[in-house]
Amino acid sequence: MFSGFRLLFAKEIMTLTRGKSIFGVSLGIAFVLSFAVSMPLAEVALDPTVIATLIWTILFFSTIGVHLGSFTVEENQGTYDLLKLATSPTAIFMSKVAANTILMLVIGLVCIPLMVLWLGVDVVVLPTVLLVSIIGCLCLSLSEGFIGYLLSKARVGEVAAPIILLPVVLPILVSLIIITSSVLEKGTISINLVVVIVSLSLAILVASLLFLPMLEEWL
Amino acid sequence: MRFDRNIVFGDVSCDFTQRLSIICGANGSGKTTLMKILSGLVNPTSGKITYTPGIANIRIGFDSPYIHLYPDLTVREIMDFFSRLKRIEKYDLREWELHKIRHKKYKNLSSGFKQRVKLAQAFLGNPDLLLLDEPEQHLDEGGKNLLKEKLSQREKMIIVSTNNPESEQKIVLWL
Amino acid sequence: MKRLYLVIAASVVLLPSIYYSLVIAPIPENLGDVYRSIFFHIPCAWVAVLAFLISCISSALYLSKRNIVSDFIASRSAEIGLLFSVITTIQGSVFAFATWRSAWNWDPRETSIVILIVIYVAYLVLRGLISEQRRRAIISSVYSMIVFLTVPFLVFVVPRITNSLHPEAAGGSGLTGSMWIGFVGMLVGFTLVFILLLDLAVAIDKRNEVLSP
Chain A
305 MFSGFRLLFA KEIMTLTRGK SIFGVSLGIA FVLSFAVSMP LAEVALDPTV IATLIWTILF
365 FSTIGVHLGS FTVEENQGTY DLLKLATSPT AIFMSKVAAN TILMLVIGLV CIPLMVLWLG
425 VDVVVLPTVL LVSIIGCLCL SLSEGFIGYL LSKARVGEVA APIILLPVVL PILVSLIIIT
485 SSVLEKGTIS INLVVVIVSL SLAILVASLL FLPMLEEWL
Chain B
14 MRFDRNIVFG DVSCDFTQRL SIICGANGSG KTTLMKILSG LVNPTSGKIT YTPGIANIRI
74 GFDSPYIHLY PDLTVREIMD FFSRLKRIEK YDLREWELHK IRHKKYKNLS SGFKQRVKLA
134 QAFLGNPDLL LLDEPEQHLD EGGKNLLKEK LSQREKMIIV STNNPESEQK IVLWL
Chain C
1462 MKRLYLVIAA SVVLLPSIYY SLVIAPIPEN LGDVYRSIFF HIPCAWVAVL AFLISCISSA
1522 LYLSKRNIVS DFIASRSAEI GLLFSVITTI QGSVFAFATW RSAWNWDPRE TSIVILIVIY
1582 VAYLVLRGLI SEQRRRAIIS SVYSMIVFLT VPFLVFVVPR ITNSLHPEAA GGSGLTGSMW
1642 IGFVGMLVGF TLVFILLLDL AVAIDKRNEV LSP
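Chains as they are written, first to last, in the numbering used here: chain A, 305 to 523; chain B, 14 to 188; chain C, 1462 to 1674.
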């Protein structure tokens, strides 16, 4: 079921980071947005919830391309069919989700510390914030992957992607904001909410793997 | 086969038993769709395809004009990737005269060489069934000769679709 | 004929109930006539939730049986649900403004219904973008299933944002004695109207399916 996973994963990383890459553009957007939001707020004492909201909304919207791009590009250029003739859809899907997760993590680990610093948060909480970022990026990637796949099968382009993605990731996004704000305020992580987002993203992943072979047969 | 209420084609019944079969048809007659069905990529709306011996045991080589390979990978990387994916031990870029351009990115190739890379990819590992959709597209004389040579050397089954049949070819199916 | 019976039944139940709730029903003195909107508010919310539930079930049915009528029901039910949830939200806001001078309070139910609106707007946008009927039906049904997965998690997350203003959440139903009569009448009447609307919309889809070349 996962044959060729490593090979596909390496190919994903290569195609996503080269040339006019989706990764470069998304990282650029995340960086520019972080700066654009932080600069005007330089002298303002912000509530931790506001900071957490800014961090995760910026990260979510700037990385939408990462989660969709690899699926839609592969479908549009027809190479998806070539891959399908040689390996299983599950292996293709998982390799893409894994590559997207890594790229999202890189973007998160660059932009979140920057925003935390720019928005005047005490550096002491940074390690905990980074831990939350890793969990958050993982959960967001796992749950956005399947919608990226669905949209590529829908052949609708990426314009409406934020509208279609948001309902699926909303519980994760809101939970992440609550978790992060509590970290910024008290330095503690709410384990309950971490359990919620991890189990939701795993549930979506399992559902994706169940639906995937059926969709491949039906469409 | 139909998309919504548009019937692309129906009543196609054909045995592909010869080594080389040619499918012919005008633009929009459903050649590519039929090729996709024959490769098992698309399920027909109604009807059935039977492979001997079973699709799971057949290695398929496929090329079609709608396929564009990875623009930012070099020719070598593309061929390496597909050969490893198809679990093929070795291949020779010289076969399609690609060795001189192996370090060039696919997006920087001329359309003729792009077509050669695609064909090389389809021919990789001498697949049991080779489905070529308009394989002569963009090829220069040299490319066309190479293709003819490769096709004539092959002993396993080939199905080619074209809208420009040469008189000496025997057409199996008109769409 | 079936539809005529539905119209008659809905009118027989709704007309007296509307009259009762607007004119006769006793209302708490401190709230005034604006309280009467509660007789419309809850049935509207009920129909919205019922419609979304039917939409979701029909999507699942489509995936298992692949009958296109299930897809018609799923999409039309989602549209009707969206309409009623928008009405519910606006009506709730008007009531909240009249009562607390604040039209939006991030009450968990307010938040939940907007989340439902967001979900089904996304569902309908996705449908609107796909032109091929079979592909649209399959993809939107799967999307509906995936989104449905998130609902239990939202139930856990949303109340963490703010506290509730709704009387049920605060420990009582808010309705007393004879008010129940009008309330139940409205609830049944609205449900009948929903069934009628859904039946008509699906009939249009079925006719289009037969007529389209």
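Certain hints may be false.
Said to hold, decoys possible - Here are the simulated DSS-like cross-link-like pairs (lysine-lysine), alpha carbons at most 30 Å apart as the crow flies:
no.: 1; chain 1: B; residue 1: 61; chain 2: A; residue 2: 388
no.: 2; chain 1: B; residue 1: 117; chain 2: B; residue 2: 157
no.: 3; chain 1: B; residue 1: 127; chain 2: A; residue 2: 490
no.: 4; chain 1: B; residue 1: 61; chain 2: B; residue 2: 169
no.: 5; chain 1: B; residue 1: 103; chain 2: B; residue 2: 169
no.: 6; chain 1: A; residue 1: 388; chain 2: B; residue 2: 157
no.: 7; chain 1: A; residue 1: 388; chain 2: B; residue 2: 169
no.: 8; chain 1: B; residue 1: 120; chain 2: A; residue 2: 388
no.: 9; chain 1: B; residue 1: 117; chain 2: A; residue 2: 324
no.: 10; chain 1: A; residue 1: 388; chain 2: B; residue 2: 103
no.: 11; chain 1: A; residue 1: 388; chain 2: B; residue 2: 118
no.: 12; chain 1: B; residue 1: 157; chain 2: A; residue 2: 324
no.: 13; chain 1: A; residue 1: 388; chain 2: B; residue 2: 161
no.: 14; chain 1: B; residue 1: 161; chain 2: A; residue 2: 324
no.: 15; chain 1: B; residue 1: 161; chain 2: B; residue 2: 117
no.: 16; chain 1: A; residue 1: 324; chain 2: B; residue 2: 113
no.: 17; chain 1: B; residue 1: 103; chain 2: B; residue 2: 163
no.: 18; chain 1: B; residue 1: 103; chain 2: B; residue 2: 61
no.: 19; chain 1: B; residue 1: 163; chain 2: B; residue 2: 127
no.: 20; chain 1: B; residue 1: 163; chain 2: B; residue 2: 99
no.: 21; chain 1: B; residue 1: 169; chain 2: A; residue 2: 324
Just so you know, the hints here were simulated from the structure itself, not pulled from any lab data.
Given the structure is predicted, the values throughout are model-derived calculations rather than measurements.
When the hints from earlier in the document are held up against this structure, which numbers fail?
3, 12, 14, 18, 21
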